[in-house]
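Participant: Going line by line, the protein sequences match chains A and B. Note that this note's numbering has the first sequence beginning at 257, numbered continuously upward. Note that this note's numbering has the second sequence beginning at 5, numbered continuously upward.
I should point out that these hints are in silico values taken from the structure, not numbers from a laboratory. Don't take each hint at face value.
Subject to a maximum C-alpha distance of 25 Å in a straight line, what follows is the list of computed SDA-like cross-link-like pairs (lysine to any residue) [as the list claims (entries may be wrong)]:
{"id": "1", "chain 1": "A", "residue 1": "K354", "chain 2": "B", "residue 2": "K75"}
{"id": "2", "chain 1": "A", "residue 1": "K298", "chain 2": "B", "residue 2": "V23"}
{"id": "3", "chain 1": "A", "residue 1": "K313", "chain 2": "B", "residue 2": "K75"}
{"id": "4", "chain 1": "A", "residue 1": "K325", "chain 2": "A", "residue 2": "K298"}
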Amino acid sequence: ILNVEQSPQSLHVQEGDSTNFTCSFPSSNFYALHWYRWETAKSPEALFVMTLNGDEKKKGRISATLNTKEGYSYLYIKGSQPEDSATYLCAPREGAQKLVFGQGTRLTINP
Amino acid sequence: DTGVSQDPRHKITKRGQNVTFRCDPISEHNRLYWYRQTLGQGPEFLTYFQNEAQLEKSRLLSDRFSAERPKGSFSTLEIQRTEQGDSAMYLCASSPTFQGGAAGYTFGSGTRLTVV
Numbered sequence: 257i258l259n260v261e262q263s264p265q266s267l268h269v270q271e272g273d274s275t276n277f278t279c280s281f282p283s284s285n286f287y288a289l290h291w292y293r294w295e296t297a298k299s300p301e302a303l304f305v306m307t308l309n310g311d312e313k314k315k316g317r318i319s320a321t322l323n324t325k326e327g328y329s330y331l332y333i334k335g336s337q338p339e340d341s342a343t344y345l346c347a348p349r350e351g352a353q354k355l356v357f358g359q360g361t362r363l364t365i366n367p
Numbered sequence: 005d006t007g008v009s010q011d012p013r014h015k016i017t018k019r020g021q022n023v024t025f026r027c028d029p030i031s032e033h034n035r036l037y038w039y040r041q042t043l044g045q046g047p048e049f050l051t052y053f054q055n056e057a058q059l060e061k062s063r064l065l066s067d068r069f070s071a072e073r074p075k076g077s078f079s080t081l082e083i084q085r086t087e088q089g090d091s092a093m094y095l096c097a098s099s100p101t102f103q104g105g106a107a108g109y110t111f112g113s114g115t116r117l118t119v120v
């Protein structure tokens with residue numbers, strides 16, 4: 257079972273500020289890394305699927321980078337908005353099939 | 005097809021009772037996953053199906069849990085003789101066959117189980 261660590265566990269950010277958080281995972285036998293956003297009372301929503309070392313993905317104000325050699329990924333949010341408040345989950349893929357989730361980073365944007 | 009749907013959204017049951025949850029995946033997706041999420045933790049893998057075949061089941065899952073996916077369409081997750089420790093959010097997700105790692109999961113909204 258992969259050991260996936262996300263930090264920080266929770267984060268309060270002022271509206272308009274930028275922020276970032278970390279996902280750490282074992283670098284051996286890497287297949288892919290997924291990021292999800294989970295808003296309260298909604299379904300987890302896929303943000304990114306990253307596979308290559310050095311990958312950078314962007315979706316609007318959110319971007320992510322991947323370092324498979326050292327086993328970490330960063331998620332960045334630029335100019336935070338209230339609708340960014342959610343739990344952000346990272347999940348490396350174990351083997352060919354299943355995702356192993358971290359405990360998440362709970363982000364709250366203060367207006 | 006509007007996504008992955010799960011039923012019921014909430015279930016309260018007495019300890020010792022059996023419960024069954026249903027998941028309807030996206031129709032083109034041949035893979036279906038069940039996860040469980042407890043407070044403060046990320047989703048924990050329970051089991052997954054490729055079409056109607058159950059290909060992996062977590063070792064953390066006791067014999068009280070069983071899942072089926074007849075005909076490779078909807079899936080059911082049954083918990084027998086529920087215990088208070090079974091209280092959690094049960095999430096279902098589906099995906100097409102992974103091709104180069106490009107496919108992500110589509111999740112349902114989950115079934116929140118409370119065992120009293």
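Participant: The structure should be examined with respect to each hint, and the outcome stated for every one.
Facilitator: So, going through the hints one by one against the coordinates:
A hinted pair counts as satisfied when its Cα atoms are at most 25 Å apart, and K354 of chain A with K75 of chain B qualifies at roughly 22 Å. This hinted pair checks out: K298 of chain A and V23 of chain B have alpha carbons roughly 23 Å apart, not beyond 25 Å. Between K313 of chain A and K75 of chain B the CA atoms are separated by roughly 37 Å; this puts the pair beyond 25 Å, and the hint is violated. For the proposed pair K325 of chain A and K298 of chain A, the alpha carbon gap of about 34 Å is over 25 Å, so the pair is violated.
In the structure shown, a violation is registered for the earlier hints numbered 3, 4, in ascending order.
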